[in-house]
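Visitor: Read off the chains here:
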Amino acid sequence: MLLQRKWSTIRNYFNKVEVLDAKTKEQLCFLDKVDPHSTIGDIKSLFYKSYPQWYPARQALRLDPKGKSLRDEEVLQNLPVGTTATMYFEDLGPQLGWTTVFFAEYMGALLTYLLFFFRVPYIYSHTQAFTSSPHSVVTLACVCHTFHYMKRLMETIFVHRFSHGTMPLRAIVKNCAYYWGFSAWLAYYINHPLYTPPSYGELQVKYALFTFAMCEMGNLSIHMSLSNHRVDGFRLRRFPMPTKNPFTWLFFFVSCPNYTYEVGAWVSFTVMTQCLPVAIYTLFGFIQMTIWAKGKHKAYIREFKDYPSVRMAIIPLIL
Amino acid sequence: MSAAAQGTSKAGHGDVASRKKKGPGALATAYLVIYNVVMTAGWLVIAVGLVRAYLARGSYHGLYYSIEKPLKFFQTGALLEILHCAVGIVPSSVVLTGFQVMSRVFLTWAVTHSVREVQSEDSVLLFVTAWTVTEIIRYSFYTFSLLNHLPYLIKWARYTFFIVLYPMGVSGELLTIYAALPYVQKTGLYSVTLPNKYNFSFDYYAFLILVMISYIPLFPQLYFHMIRQRKKVLGHTEDYSKVE
Numbered sequence: 000m001l002l003q004r005k006w007s008t009i010r011n012y013f014n015k016v017e018v019l020d021a022k023t024k025e026q027l028c029f030l031d032k033v034d035p036h037s038t039i040g041d042i043k044s045l046f047y048k049s050y051p052q053w054y055p056a057r058q059a060l061r062l063d064p065k066g067k068s069l070r071d072e073e074v075l076q077n078l079p080v081g082t083t084a085t086m087y088f089e090d091l092g093p094q095l096g097w098t099t100v101f102f103a104e105y106m107g108a109l110l111t112y113l114l115f116f117f118r119v120p121y122i123y124s125h126t127q128a129f130t131s132s133p134h135s136v137v138t139l140a141c142v143c144h145t146f147h148y149m150k151r152l153m154e155t156i157f158v159h160r161f162s163h164g165t166m167p168l169r170a171i172v173k174n175c176a177y178y179w180g181f182s183a184w185l186a187y188y189i190n191h192p193l194y195t196p197p198s199y200g201e202l203q204v205k206y207a208l209f210t211f212a213m214c215e216m217g218n219l220s221i222h223m224s225l226s227n228h229r230v231d232g233f234r235l236r237r238f239p240m241p242t243k244n245p246f247t248w249l250f251f252f253v254s255c256p257n258y259t260y261e262v263g264a265w266v267s268f269t270v271m272t273q274c275l276p277v278a279i280y281t282l283f284g285f286i287q288m289t290i291w292a293k294g295k296h297k298a299y300i301r302e303f304k305d306y307p308s309v310r311m312a313i314i315p316l317i318l
Numbered sequence: 000m001s002a003a004a005q006g007t008s009k010a011g012h013g014d015v016a017s018r019k020k021k022g023p024g025a026l027a028t029a030y031l032v033i034y035n036v037v038m039t040a041g042w043l044v045i046a047v048g049l050v051r052a053y054l055a056r057g058s059y060h061g062l063y064y065s066i067e068k069p070l071k072f073f074q075t076g077a078l079l080e081i082l083h084c085a086v087g088i089v090p091s092s093v094v095l096t097g098f099q100v101m102s103r104v105f106l107t108w109a110v111t112h113s114v115r116e117v118q119s120e121d122s123v124l125l126f127v128t129a130w131t132v133t134e135i136i137r138y139s140f141y142t143f144s145l146l147n148h149l150p151y152l153i154k155w156a157r158y159t160f161f162i163v164l165y166p167m168g169v170s171g172e173l174l175t176i177y178a179a180l181p182y183v184q185k186t187g188l189y190s191v192t193l194p195n196k197y198n199f200s201f202d203y204y205a206f207l208i209l210v211m212i213s214y215i216p217l218f219p220q221l222y223f224h225m226i227r228q229r230k231k232v233l234g235h236t237e238d239y240s241k242v243e
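Chains as they are written, first to last, in numbering that gives the first Met the number 0: chain G, 0 to 318; chain A, 0 to 243.
For the record, the hints were derived by calculation from the structure and aren't laboratory data. Idealized CB from N, CA, C, for every residue including glycine. Treat the hints with caution; some may be incorrect.
[What the hints assert, rightly or not] Facing chain A, from chain G, some residues (calculated, C-beta under 10 Å):
1. Thr126
2. Thr130
3. Tyr188
4. Ile189
5. Pro192
6. Leu193
7. Tyr194
8. Thr195
9. Thr272
10. Cys274
11. Leu275
12. Pro276
13. Val277
14. Ala278
15. Ile279
Put together the whole structure using the sequences plus the hints.
Guide: Okay, structure coming up:
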């Protein structure tokens, strides 16, 4: 590596990079004298100088117009290109950082619920404005819901490590509509003056609260364990394994215990509130998380030949 | 939660797509031909029923009752088309087909059948006629396409009649839903109110209004999609039998 460096300095060996539009194939930019040790990220920065409206996060550069986008960490000289590299550019549209996205989604869901809990005017009849429910389970549900999203916000800031930096703007609008909309829908019923508490009373609420707490802790344990796992960066050397923390022992049975615990938490919340809209929300979430879990499960199996065969994607022994 | 799983689910879809390009096998083709012939016949029965009832009564009011049963049977039978897409023997989107069939089934059962008072409305005849003509053409189009002998007349009719039939059908549907509204509100049909054990409520009246509003963005999209399809299909002189 050091010899190559000296060689390139002696010989003044540089790459040229030609950037074409992926759709029209017209030349957008020609970069002369590019250091072969430059990364794709560096090239994006150079391209950004010529086109200030396309900041690096919204650039997708590819070697083949229909191929996969090149990662920012890739080094130019390691790519299968000659002295002049031809790359194809696509505009990914306005981007927002993952942190911003999650913040908007979760904060919105959290605050929307509170609007209903405090019975802000115009939601329920005007005689009910700013009143509170006589049922203790309603206050408990608010605490649980708020805790759930606070925990997610904390995780977003302190725990998660995101592989891609950004997400397109349109996806955020869609996601926020989903989170805020459902939060409003289930909060409407739970905090309604005509809310009916669970059929089995205190017992039902206590058991549901216990399983909810267990699942929240389980979910947090998995997130922290996965976060520590990713210390070396983007590539996983080994698939996730159970640790000393008993909550992580679910890894013996499933590839994505974080999703398992998440579903568990929402099922608990459903039982705690005995509210059909919560059940429907849980079902939607379960379907989506199953799709993600199955994908991750398949990816693990493909990448690690010795992946434990007893593991399922999301539900032990079943799914 | 990450959306990292999207890449893997696409891999499976690719297989189905390549299978779709090759077209259905011999057995599937035979089944589809039978299916489309039966559906064509069914809607012809409805058409004949309408004409005969009109001639017998001397007026076009209340003709719904004379074709009620075959209408319900054959329109509901169209649910199979969702299955055809899901299994892959028909190269259409499950979501799009599902949406189109469900909207028809919804109108047939959840509006016309459920709200007896609208059955004598003229708007019902409006959409039933539109559906009948459309479906006879559409199913015979599919039949001929599958047999690789598509007469240009059928292709032309399929991509031309909709220009009048589509707005006609939509008008009939909207007027029928609108006619049903007062009865739904009065009887609380299919509605659930608070308080109840499962803390849920559903106002069918409000739901029907939402359905009517949804026609505003949806109808133009579907209509102009068909117009673009028409330009593409009828623009060619060769027999390009693209199944819609």
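Visitor: Sort out which numbered hints this structure fails and list those numbers smallest first.
Guide: Hint check: 1, 2 fail, others pass.
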